[in-house]
Structures are given as structure tokens and as C-alpha cells.
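What follows is the residue order along each chain.
Number of protein chains: 2
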Amino acid sequence: MAPSAPGFPSPASWAVFFLLLGTFGEAGRLLVVPIDGSHWLGMVPLLGRLRQHGHHVTVLAPETNLRIVPSELYTLQTYPVAYTRDYVEVEFRQMGHRSFARQPFWHKLAKIANFTAMFFDSCKRLLAHRELLQELEQSHFDAILVDPFFPCGQILAEHLSLPSVFFVRAMPCGLDSLATLCPSPPSYVPGPFTRFTDCMSFPQRLGNVVAALSTSVACAWLYKPYKALMAEVLGREETVPQTVPQLLGRAAVWLLKYDFVFEFPRPLMPNMVLVGGIGCARQSKLAQEFEAMVNASGEHGIVVFSLGSMVSEIPMKKAMEIADALGTVPQTVLWRYTGPTPPNLPKNVKLVKWLPQNDLLGRYKENIQRLSELHLDRPIHPLDLAVHWVEFVMRHKGAPHLRPAAHDLNWVQYHSLDVLAFLLAVLLLFLFISFKCCLCCCRRCCGKKGRTKKATKAKSH
Amino acid sequence: MAPSAPGFPSPASWAVFFLLLGTFGEAGRLLVVPIDGSHWLGMVPLLGRLRQHGHHVTVLAPETNLRIVPSELYTLQTYPVAYTRDYVEVEFRQMGHRSFARQPFWHKLAKIANFTAMFFDSCKRLLAHRELLQELEQSHFDAILVDPFFPCGQILAEHLSLPSVFFVRAMPCGLDSLATLCPSPPSYVPGPFTRFTDCMSFPQRLGNVVAALSTSVACAWLYKPYKALMAEVLGREETVPQTVPQLLGRAAVWLLKYDFVFEFPRPLMPNMVLVGGIGCARQSKLAQEFEAMVNASGEHGIVVFSLGSMVSEIPMKKAMEIADALGTVPQTVLWRYTGPTPPNLPKNVKLVKWLPQNDLLGRYKENIQRLSELHLDRPIHPLDLAVHWVEFVMRHKGAPHLRPAAHDLNWVQYHSLDVLAFLLAVLLLFLFISFKCCLCCCRRCCGKKGRTKKATKAKSH
Numbered sequence: 072m073a074p075s076a077p078g079f080p081s082p083a084s085w086a087v088f089f090l091l092l093g094t095f096g097e098a099g100r101l102l103v104v105p106i107d108g109s110h111w112l113g114m115v116p117l118l119g120r121l122r123q124h125g126h127h128v129t130v131l132a133p134e135t136n137l138r139i140v141p142s143e144l145y146t147l148q149t150y151p152v153a154y155t156r157d158y159v160e161v162e163f164r165q166m167g168h169r170s171f172a173r174q175p176f177w178h179k180l181a182k183i184a185n186f187t188a189m190f191f192d193s194c195k196r197l198l199a200h201r202e203l204l205q206e207l208e209q210s211h212f213d214a215i216l217v218d219p220f221f222p223c224g225q226i227l228a229e230h231l232s233l234p235s236v237f238f239v240r241a242m243p244c245g246l247d248s249l250a251t252l253c254p255s256p257p258s259y260v261p262g263p264f265t266r267f268t269d270c271m272s273f274p275q276r277l278g279n280v281v282a283a284l285s286t287s288v289a290c291a292w293l294y295k296p297y298k299a300l301m302a303e304v305l306g307r308e309e310t311v312p313q314t315v316p317q318l319l320g321r322a323a324v325w326l327l328k329y330d331f332v333f334e335f336p337r338p339l340m341p342n343m344v345l346v347g348g349i350g351c352a353r354q355s356k357l358a359q360e361f362e363a364m365v366n367a368s369g370e371h372g373i374v375v376f377s378l379g380s381m382v383s384e385i386p387m388k389k390a391m392e393i394a395d396a397l398g399t400v401p402q403t404v405l406w407r408y409t410g411p412t413p414p415n416l417p418k419n420v421k422l423v424k425w426l427p428q429n430d431l432l433g434r435y436k437e438n439i440q441r442l443s444e445l446h447l448d449r450p451i452h453p454l455d456l457a458v459h460w461v462e463f464v465m466r467h468k469g470a471p472h473l474r475p476a477a478h479d480l481n482w483v484q485y486h487s488l489d490v491l492a493f494l495l496a497v498l499l500l501f502l503f504i505s506f507k508c509c510l511c512c513c514r515r516c517c518g519k520k521g522r523t524k525k526a527t528k529a530k531s532h
Numbered sequence: 072m073a074p075s076a077p078g079f080p081s082p083a084s085w086a087v088f089f090l091l092l093g094t095f096g097e098a099g100r101l102l103v104v105p106i107d108g109s110h111w112l113g114m115v116p117l118l119g120r121l122r123q124h125g126h127h128v129t130v131l132a133p134e135t136n137l138r139i140v141p142s143e144l145y146t147l148q149t150y151p152v153a154y155t156r157d158y159v160e161v162e163f164r165q166m167g168h169r170s171f172a173r174q175p176f177w178h179k180l181a182k183i184a185n186f187t188a189m190f191f192d193s194c195k196r197l198l199a200h201r202e203l204l205q206e207l208e209q210s211h212f213d214a215i216l217v218d219p220f221f222p223c224g225q226i227l228a229e230h231l232s233l234p235s236v237f238f239v240r241a242m243p244c245g246l247d248s249l250a251t252l253c254p255s256p257p258s259y260v261p262g263p264f265t266r267f268t269d270c271m272s273f274p275q276r277l278g279n280v281v282a283a284l285s286t287s288v289a290c291a292w293l294y295k296p297y298k299a300l301m302a303e304v305l306g307r308e309e310t311v312p313q314t315v316p317q318l319l320g321r322a323a324v325w326l327l328k329y330d331f332v333f334e335f336p337r338p339l340m341p342n343m344v345l346v347g348g349i350g351c352a353r354q355s356k357l358a359q360e361f362e363a364m365v366n367a368s369g370e371h372g373i374v375v376f377s378l379g380s381m382v383s384e385i386p387m388k389k390a391m392e393i394a395d396a397l398g399t400v401p402q403t404v405l406w407r408y409t410g411p412t413p414p415n416l417p418k419n420v421k422l423v424k425w426l427p428q429n430d431l432l433g434r435y436k437e438n439i440q441r442l443s444e445l446h447l448d449r450p451i452h453p454l455d456l457a458v459h460w461v462e463f464v465m466r467h468k469g470a471p472h473l474r475p476a477a478h479d480l481n482w483v484q485y486h487s488l489d490v491l492a493f494l495l496a497v498l499l500l501f502l503f504i505s506f507k508c509c510l511c512c513c514r515r516c517c518g519k520k521g522r523t524k525k526a527t528k529a530k531s532h
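If you're matching them up, the sequences are chains C and S in order.
The numbering of the first sequence is my numbering, which starts it at 72 and goes up by one.
The numbering of the second sequence is my numbering, which starts it at 72 and goes up by one.
Don't read these hints as lab results, they were simulated from the structure.
No experiment lies behind these values; they were computed from the predicted model shown.
For every residue, glycine included, the Cβ atom is placed at its ideal position computed from N, Cα and C.
There could be a bad hint or two in this list.
Straight line, CA to CA, 16 Å or less: simulated EDC-like cross-link-like pairs of lysine to aspartate or glutamate [unchecked claim]:
#, chain 1, residue 1, chain 2, residue 2
1, S, Lys468, S, Glu162
2, C, Lys468, S, Glu444
3, S, Lys468, C, Glu303
4, C, Lys195, C, Glu360
5, S, Lys298, S, Asp192
6, C, Lys328, C, Asp218
7, S, Lys182, S, Glu162
8, S, Lys195, S, Glu97
9, C, Lys468, S, Asp448
10, C, Lys421, C, Glu360
11, C, Lys421, C, Asp395
12, S, Lys468, C, Asp218
Covered by chain C, per the in silico footprint, the following chain S stretches (three or more residues, Cβ under 8 Å) [what the hints assert, rightly or not]:
#, segment
13, 127-137
14, 256-265
15, 269-280
16, 364-377
17, 471-477
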């Protein structure tokens, strides 16, 4: 059978499908705690579809932010923070610089800590805002949709006793595996930023284990302020989560923005739902400007070069190095870059402030074409899958049937170390008794022989 | 938000949906290796839907069998076996007796071995049938759908170099976890037949580990003949699977007939797709006979009692004990039972040869109503999910992107035991060197002091 051309139906067909099914269910009330920047941009299509389904969506954001603007898709509820918009813009803009600057690891970490301090400050002010919290309590939401990259949303979920759905690509330091208690064997699951694949040599596997240990130390340090904040807001009772992984482990469902077509396969837990490609709309016609560039690219085609929506400026020295490197390829390069133009920009490189990435990469060749086919060949569009699970949690007030009992075990119990120790003790006891018995038997036999010999000797004398 | 009433759309709506999508793709050729009895009954709806999608389905079965009859849904291809239909019927009928008879474990195991010997004999004859194998090779199937309870289908898949999809509820001795390399921590995943839940005390966790060890020994013995058959048919090269778990680990996708609404949550692998409830059609109107029984049951309602389609007769002593027990409940009991009527049958128990179980349990109360709602609240009907994945494997000739690299590691590497041993050795070496250095320093200091004291003494004399 030749592979057919799988593709997503147009939004109109989906709408007809849902109208046919008549399974829209009742409209609900959803609270959303996003994280500013690219994370927020990835969340908007989901909120749009939830609005289409008739739900009332309230987005909670600091009044000073970069991208979270009022919209007809949701009610925007803001709260005051201590920093200015200029400060936020500079912090976000410097992200690119920091990624490229040559600095010692601990220096970088300290600067990241500076950036995350901004989010922590915003979180502290939200959770100290008595009137706002009271208003949220009285709004009787059905569920809360949280970007868990910083644990603020889940602290609020606990405070409001709301079931939560997480929406994220991956968590720092494998916090997603830690929180969901999802096994993640370091023997074939490479850690982030290790650059290893799922097939590792012995030194690489060693490096992977060491990397996992060291990043978990670094992360414990980064998330430390939240541990104190949790205790302050939620109390220290035994029923309340005590650590950040325990806090994040309370989520009903994790919507994870990845797909095994582009990730190395690894174990999952029942409450992890893969919605990779959720932001990929159907390829639409290219604007004339880009169409002309693509047509002029000739036989070699084009290369799209972008460092993501949040990295717009990088140090000039790095930008010139990149420009030099891009000049060596035969393709026309479209580089999304809003910083100052490098003086050595080669002829084949065009700087653009914005790229229709989805439509430009809609044309994909050979190997990428195959991956794209696998990625698109799914029984349900990831956007509808995500909406289903948000609505599921709203309808059933959580998803406790997907929560493994592993959450109630300690580390020793989870790994059955007590059982193994007991079995080992039994085995050793058995061996010891057997050895003693043998020794005893031997002694008796030898003793008897000895006595018989002596007796014989005595008689012969 | 009040829970809406989720329900599956009627087959007609699904058909309209699929026509709207236009994603039927090209028709393909599918080979099916089922297992006779209840396993086969569970597979028929899937074959029906695949036929609806235009695929050509060939079912391979021994010519002497219980339930696999010709149908317009598929082409039935049979092969000769050594046993008679009477023998098959007696073997299947005795299954119920065996389950209830008081016999030592090893006696039962020997009788199960007798039953499985029938399937093994059939497998051997299929794989020795040169002409049939040649015909299958020339049929150019796109994929093979296998019931992996006995590994015959996968040996055939390897021989024909076809990507396989498995369709099963669970495997004996946790062979599904072993084959997919899916982590299954015995600390909260209870073994089959242990009667433990996911919350176990220390003695229960101990029992669970011991049960896992002992069933794996029993299973190694039960599947031993297949290991020899594999070597005979597939050879002993390194690239060929050498053990039954390795053989089963070659499946592209596992369609598993369970759902976490009724199972304890545990880890999954990317190529495990849950299609529990795949055989549950929409509730239809009850036949008059049953309607009358239900109406006459009064306030207490009814209890449906069935031991599954393959257990129709049990020892009379056990049947009388069950009848006694059923007499003590206030409900009307509908017992699906085809054996001789127990003389002590109470008034509230009605024996029936067949039950419209789906329709009788369609009306479910309170707690069960809640579970039913969770079970039915899915983004896609499990039948369509199963069809999608069979077609996926047919279209893309397998699903290698879902295969974890763990399959290429040995036991020591998988558990990072070599890495841990190395780190331990480094730690011990470090401690040893530190200790030696300290000792050396101490000696020098003491030595100096000693010499100084001596020198002082000598001077004072």
C-alpha cells in the first residue's frame, strides 16, 4: 500500500464534525495562569478553541507584561507588580545575549536566577493579593489551566482547591518525570542540553547520569524560594505538598507539547497527553514578498533560520559569526532577526522581522517529508485532544483514576529496596544456617572417625 | 459545570465524519493471526471496521477450530492440524472446570500446559506448511495483526518480514512489560492473580515481588517450546530475536484492551495504545424477555453474573455453592450459565444461555455510573483508534519512531549498573586516597613532634 497523504481536516470540517456529534457539553469556567513570552504564544490557539466550545476563560497575568494583551477570546484579569515594562523588555531581550555570551556556568546561572526572580516576585504579589484571591474563589471555576514552568499556578490551584491541567513542552531538570513519577532511565533517555542521543556509549551514559545529578542540584537551588512560598501560602500540614515535585505531582493531566516523531521514545504515565504540533495550522498561501524570495532561490531552495520568538537580539560578534557561516551555504537563507544588521551580511542571507515559518516549511523534503507525514498522521488533531482533556478535568473535577499510587510511597518503598533487603537477609540467613549445619555434620563425622581411630590405636597397643 | 452526558456517536455519524474528512487512504492488505475462543470474538469488531475502510483482510486459522468461521468480512485461510473438533470443544469446556477444581498449583499448570500444547502443535504445523508460507509471501501484505497470547503470529511476522500490530488484553507473567521494556515497579503495580491493589502493605509488596519471580519461572517453562521453534524457523543469527520477550518486542504497536478507569494506573510506552471498551457498542433496546425481568426486579434492581464466554460449565459442587451465595442477595440475579441447573437454585436467580450484557449494564448506578461516564468520555472511539494504528503501520511499514533504544541495551546497561559501579569505584578510590593522605600527614606531624621531643630530651641530658 502506498502511503496516502494524511492531513488534518480544515477547522470547518472539525466544526461540522463536532456539530454532528453534539458532544459540546455544557459551557464551563476556566482559570488560566500562563507564563509571559513564547510560552504564552503557544497557549493562545488552545484558548481560542476553548472559547469556540463556549467556555468562559479568565486569564490571570501581571499588569506589566510583554505579550499578554486583552482579547475577545478571554477575560484578562491583572494584578500589580513592582517592575516596569522597560525592565521586562530588557530582561527578555537580554535572554539572547546571555545564551550566546561566553561566561562561566555559575555566572550564567546567577543571571538566569535574576530573570526568574522577576517571575517569583510577580507570583508572591499575586498570592498576597487578598481581594483578588477572594474574587477568584467566588468565581467558582471548574478547573485551572497552568503553565507549570514556574510553580505559581499550581500553588494557586491548591489554594483555590481546583483541579489543574498543565500545558508545557518540557520542565527544567526533568521536573516533569520527577513530578509525575514517570520512570526515565538515564541509560537511554538523554538529559536536556547533553547533546546525547538515545544510543549512548559508556562515557556518554556516565555523563548523562552526572548531568542529571548536577542539574537537579542546580534546580533545587533555583526553585528554593517557591518551597518557602508554598509553606507560607498552603501551610505545613502533612496533606499539603511539601516540595516542588510533590506540588507539581498534583496536576490532573499534563498536556505535553512534543511528539515522538521528533523526540526519543521513552516511558509515559497515563496522565501525560502528547499534543505536539498543537500550534501548527494548515499551510496557507505564502505572501507575495516571501513567494518571490522562494521562487528566486533556484535549485538549492531556501533555509529558514530562527532562534525562536524570544531571542531577537544577540551580541554583534556572534551575529557576524553566524552571518559568515550562513554565507557558506548555497541556499537562500531567511533569517528572522530584529537586531542591528551585521556589516558582513552575505548576499544569500535576507534579514526579516517576521517569518511565516509554518507556510515556508510546508514545501519539506525527503527525510523531513517522511517525518512530517508521521507527525501529521494522527487519529485526532492535537488541539482537539488538548481541548478534550481540559474539558474532561472540568467535567469530572480532576482525573484521580489516572494518578498512580506511587505518589503515596517513599523512595525506599517505590524502588522495593526494603523488600530486596528482606529477601537478601533471608537468603544470607539461609546460607549461614546451611553452612553451620554442614560444619556441624562435618565435625561430628570427623569427630567420630577421630574417636574410632583413637580406639583402634589404643586396642592395637 | 454539571457533567454533560458524554456518549459515543452512532456508527452513522462516524461514517459521515470519515466521509467529511476524506482520510480513508488507500486500501491495503492485512494478514490476521488470531487465537481461537473469546480472544477471537474480541477481534471481530476491529476486522469489521477495517473491512468498512476498504482493506482486504485475510484471517489465518487452523481448519479445526471453535469460533473462527467464514465471513464476508474477511478471507478465511485455513491449514490442517492433527486434532479433531471434539478434542477442541472438550479442551475449551474443561477450562471452567479447571479454574474451579481444587488441585495443587503444579497439577493445574500441567493441565494448562496440555491446553497450550494444542496451540503449539497448530503453530508448528502452520510454520511447516511450505506451500502456504510461499502463498502468504506472494500475497504482499502491508502488515500483520496478531493476538500475541501465543507467539506464533510474531514468528510468522518475522518469517514474512511484515510489521506487526498486537491486539490483546494482557499477557501472561507480565510478558507485555518485558517485551515492550515498559517499567512496571512491583511496589505499586500488582501482579495478575495476586488480588492485591495498587496500595500494598510490606508483606503484600513482598508477596508481589515473589509472585513476579515465580510466575516468570513458570512462564519460561510454558513458552520453552516456542524458543526452540523460533530458532528452527528464524535461525540463530544475532540479528534475529533469541528469546520470546525479544520476539514480542519487535511489534510496531500494541493495541491493549484496557482502560485506566478499571485498571490501576501504571507507566506506558509510546507504542502502547489503550483501546479498552473497543467491543462496547451503543446501548440498544432490551429484548422483551429481559425487559420484563428487569421491570419485575423491584427497588433492588438486577445483578448480572457471567464468567465470560469461554467458561460455560463448572463442577456441580461449585455451581451449587455459587447458587447458594447468589440466593443471599436481595437483587434479581441473571446468571449466564449453560451447564446443568444446580438443584438448589434460589428463586431470585434466573439461568440464561446468553445475556445482552451491554444493554443490561447500560442503565449502571451511582459509583458504577461515574466509572461508566469516565470510561465513555474519550476524544475518539477506541475502535477508530485501533483502526488508525493498524492503518498507520500499514501506511508507514511499521512505527520505528516509537521503539525505545532500550531494546539495544543489556540488563546491566539498562539499569546503569556499570555506571553506578564506576561511580562507586571512583568514590571509594577518592576516600582511600584521602584516608592515606590524612594518615601520611598525621604520621609526619607525629614523627616531627616525636623527633623534636627526642632532640629536646637529648639536649636536656
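Here is what the structure says about each hint:
Using a Cα cut-off of 16 Å, the hinted pair S/Lys468 and S/Glu162 is violated, with the two alpha carbons roughly 38 Å apart. Distance restraint check for C/Lys468 and S/Glu444: the Cα-Cα separation of roughly 13 Å lies within the 16 Å cut-off, and the hinted pair is therefore satisfied. Taking the CA atoms of S/Lys468 and C/Glu303, the gap is near 56 Å; set against the 16 Å cutoff, the hint is violated. As the CA atoms of C/Lys195 and C/Glu360 are separated by approximately 46 Å, the hinted pair breaks the 16 Å bound.
Restraint check for S/Lys298 and S/Asp192: the C-alpha separation of about 14 Å stays at or below 16 Å, so the hint holds. At roughly 11 Å between alpha-carbon atoms, C/Lys328 and C/Asp218 fall within 16 Å of each other, so this suggested pair holds. With a C-alpha separation of about 10 Å, the suggested pair S/Lys182 and S/Glu162 falls inside the 16 Å cut-off, and the hint holds. Under the criterion of a C-alpha separation no larger than 16 Å, the hint pairing S/Lys195 with S/Glu97 is inconsistent with the structure, at around 34 Å.
About 13 Å separates the Cα atoms of C/Lys468 and S/Asp448, which keeps this hinted pair within 16 Å; it holds. Taken as a hint, the C/Lys421 and C/Glu360 pair is honoured in the structure, with Cα atoms around 12 Å apart against an allowance of 16 Å. This hinted pair checks out: C/Lys421 and C/Asp395 have alpha carbons roughly 13 Å apart, not beyond 16 Å. Of the supplied pair hints, the one linking S/Lys468 and C/Asp218 is violated, its CA atoms being roughly 37 Å apart against a limit of 16 Å.
Note: the segment 127-137 of chain S has 0 residues with beta-carbon separation from chain C under 8 Å; the three-residue rule is not met and the coverage is violated. With 4 residues bearing a CB less than 8 Å from a CB of chain C, the segment 256-265 of chain S meets the requirement of three and the coverage assertion stands. Residues of the segment 269-280 of chain S lying with their CB closer than 8 Å to a CB of chain C number 6, which satisfies the three-residue condition for coverage. Using a Cβ-Cβ cut-off of 8 Å, 0 residues of the segment 364-377 of chain S lie near chain C, which falls short of the minimum of three, so the contact claim is violated.
Check on the segment 471-477 of chain S: 6 of its residues sit with their Cβ under 8 Å from a Cβ of chain C, so the three-residue criterion for coverage holds.
Checked against the numbered hints given earlier, this structure breaks hints 1, 3, 4, 8, 12, 13 and 16; the rest are met.
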